[in-house]
Amino acid sequence: MATSADVVQTESQATWLKPWLTRETGMAWLFILPSLIGFIVFYAVPAVRGLFISFTDWDLLTESQFVGLDNYARLVSDTAFWQSLGVTLGYVVINIAIQTVLAILIAVLMDRLAKSIVVRGVLILPYLLSNVVVGLLWLWMLDPTLGIINAFLTYIGIGRQPFLGSPDQAIASIAWINIWRHMGYTALLVFAGLQTIPKDVYEAASIDGASEWRTFWGITLPLLRPVLVFVLVITVIGSFQVFDTIAVTTQGGPANATRVIVWYIAEFAFDRFDMGYATTISVALFLILAVVTFIQMRVMRAGESDL
Amino acid sequence: MTTHTVARPASGSQINWGRIGIIAVLIVLILITLFPIYWVLRTALSDPRLIFTNTTSLLPVGFTFNNFLRVMGLMSTEEAIAAGGTGQSINFLLFLRNSFIVTTLLVVGQVFFSAMAAYAFARLKFPFREQIFFIYVAALMVPGIVLFIPNFVLIRNLGWLDTFQGIVAPKFLMTPFAVFFMRQFFLTINREVEEAARIDGAGYFRVFWSLILPVSMAPLTTLGILTFIGEWNEYFWPFIVGRDESVRVLTVALGIFRSQTPQGAPDWGGLMAGTLVAMVPILILFAITARKAIDSIGFSGYK
Numbered sequence: 001m002a003t004s005a006d007v008v009q010t011e012s013q014a015t016w017l018k019p020w021l022t023r024e025t026g027m028a029w030l031f032i033l034p035s036l037i038g039f040i041v042f043y044a045v046p047a048v049r050g051l052f053i054s055f056t057d058w059d060l061l062t063e064s065q066f067v068g069l070d071n072y073a074r075l076v077s078d079t080a081f082w083q084s085l086g087v088t089l090g091y092v093v094i095n096i097a098i099q100t101v102l103a104i105l106i107a108v109l110m111d112r113l114a115k116s117i118v119v120r121g122v123l124i125l126p127y128l129l130s131n132v133v134v135g136l137l138w139l140w141m142l143d144p145t146l147g148i149i150n151a152f153l154t155y156i157g158i159g160r161q162p163f164l165g166s167p168d169q170a171i172a173s174i175a176w177i178n179i180w181r182h183m184g185y186t187a188l189l190v191f192a193g194l195q196t197i198p199k200d201v202y203e204a205a206s207i208d209g210a211s212e213w214r215t216f217w218g219i220t221l222p223l224l225r226p227v228l229v230f231v232l233v234i235t236v237i238g239s240f241q242v243f244d245t246i247a248v249t250t251q252g253g254p255a256n257a258t259r260v261i262v263w264y265i266a267e268f269a270f271d272r273f274d275m276g277y278a279t280t281i282s283v284a285l286f287l288i289l290a291v292v293t294f295i296q297m298r299v300m301r302a303g304e305s306d307l
Numbered sequence: 001m002t003t004h005t006v007a008r009p010a011s012g013s014q015i016n017w018g019r020i021g022i023i024a025v026l027i028v029l030i031l032i033t034l035f036p037i038y039w040v041l042r043t044a045l046s047d048p049r050l051i052f053t054n055t056t057s058l059l060p061v062g063f064t065f066n067n068f069l070r071v072m073g074l075m076s077t078e079e080a081i082a083a084g085g086t087g088q089s090i091n092f093l094l095f096l097r098n099s100f101i102v103t104t105l106l107v108v109g110q111v112f113f114s115a116m117a118a119y120a121f122a123r124l125k126f127p128f129r130e131q132i133f134f135i136y137v138a139a140l141m142v143p144g145i146v147l148f149i150p151n152f153v154l155i156r157n158l159g160w161l162d163t164f165q166g167i168v169a170p171k172f173l174m175t176p177f178a179v180f181f182m183r184q185f186f187l188t189i190n191r192e193v194e195e196a197a198r199i200d201g202a203g204y205f206r207v208f209w210s211l212i213l214p215v216s217m218a219p220l221t222t223l224g225i226l227t228f229i230g231e232w233n234e235y236f237w238p239f240i241v242g243r244d245e246s247v248r249v250l251t252v253a254l255g256i257f258r259s260q261t262p263q264g265a266p267d268w269g270g271l272m273a274g275t276l277v278a279m280v281p282i283l284i285l286f287a288i289t290a291r292k293a294i295d296s297i298g299f300s301g302y303k
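Read top to bottom, the protein sequences are chains A and B. All residue numbers for the first sequence refer to our numbering, where the first residue is 1 and numbers rise by one. All residue numbers for the second sequence refer to our numbering, where the first residue is 1 and numbers rise by one.
Please keep in mind that the hints were generated in silico from the structure rather than gathered at the bench. Backbone N, C-alpha and C fix where the C-beta goes; we use that ideal spot for every residue, glycine too. Some clues are possibly wrong.
Partner residues aside, some chain A positions facing chain B, computed with beta carbon under 8 Å [as the list claims (entries may be wrong)]:
(1) Pro34
(2) Ser35
(3) Leu137
(4) Ala151
(5) Gln241
(6) Phe243
(7) Val248
(8) Ala269
Using the sequences provided together with the hints, build the complete structure.
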């Protein structure tokens, strides 16, 4: 008889099965079930499906055709894609550089002088408004003929500027609009970071007779680095995906000067219904973001603190 | 010691000048922030026929509420044209309602179901718990547009284009951020109270519903505020799946309103009135929950 072996068999099976069969496990699955359904249907499956669609030629109406790497080959030789990537990079550089400097300035000013909740409340206000609202508001302010900004520039002798109407100024204008919306928010994140710097470090510096300027470069900025890495990573990722502002102001124009990458993808996906190529560009965007994030973390040694 | 006391007054007067400089810069920043918002109000309250003649007056030109009545659809077409409008039918009252329906559904669904999942991830033991949570968090990295295209195809195949369920479906049951946010909080709750309740015979759902949720009102409100602001302002997704008037939300309506206005002379009065309608609920929410909202937004960086 092989009873003892059988017993061992069932016992080991039971210990293996045990975590699956407890009441707690059952309840746990019930608790995560709704979120699991939402995640699988609207995150996991679409992510895989998106990758799959990028290997096909599909216009939504006819049967999709498997085309292998054709879309990726097309991407590499698509000059409009590279132009669009260039526009996006230009936008990201202007937007992030000015926004980060302004945010640090505002955060330091708030930290030194006005920890008041009212000042913080006012500065965060633009971030609460939608991109659409902010885009329209500045479209009106920057209007070439009727806008108040041009009235002001004329008054101080600089003269009228076309802003969003000119291929040379459009992307910088879009960048400014988003700087205006985000600077207070970014400042708030930096401000939170400033609160984590121990006060005795500053006291030591002031006893040593260091000037404000030297204290800022020598102490504040290095100690703020982990927070700045974090802020830069999230703002750069967001910045690469700019869309709403352009959709309600320039719509990619004039002369493709604001045709950023997500706008370019949306044109293929929702105007021309070229789903295969649209998803190919979006997969490329995802890879670009992954690489950019990785480089940022590496260059700025995200994990370490100088403290 | 002596040098210090001597040096003090000098640096003291320097700091005063510095202070004045800092205050000046802060005032400029506050003006840059507030003036555009005021300018929306000023334009919305101006007579569209006079906007073109007086572009610099700091006060409304030809003060009127007509722009609001017009975009709310409370004026007949003839009246609207007479008041300086283009005569296109605009019904921001309906779009305001749609925005409230979409945002409310998303806040309630997302916060509740994400909190449930977060509780399981924080407290209950089950196989693959860490792995599933890791995959959820990894999804935070995927750009929106990557998911929008396949999700658009899915919603279209379900026949849900231009319906409320189509607009809310992708984020109704969870967002990775919401689950992550609540889990971090649940991890900090003291286990002993829960265990005492469990010994007294309370079931898992009882514990969650009448013990965990009540002590978690603060983070739940924070998450609710963040979700409300985010969803109220969402444009891209509802623009793709919900352009029809019956489900059109404010952001989409503003985009369409803008693209339909004639190239030469946009209806700035109407557009700014519509913009203000979209701003006000957020401003009210902010006014009511100011301190909490500011702290929440500070935290949302971890999104």
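Here's how the hints hold up against the structure:
1. Pro34: holds (4 Å)
2. Ser35: holds (4 Å)
3. Leu137: Constraint on A:Leu137 satisfied, holds at 5 Å.
4. Ala151: The hint holds - A:Ala151 has a Cβ within 8 Å of chain B, the shortest such distance being about 5 Å.
5. Gln241: The hint holds - A:Gln241 has a Cβ within 8 Å of chain B, the shortest such distance being about 6 Å.
6. Phe243: holds (6 Å)
7. Val248: It holds, given that the least Cβ distance between A:Val248 and chain B is near 5 Å, below 8 Å.
8. Ala269: holds (5 Å)
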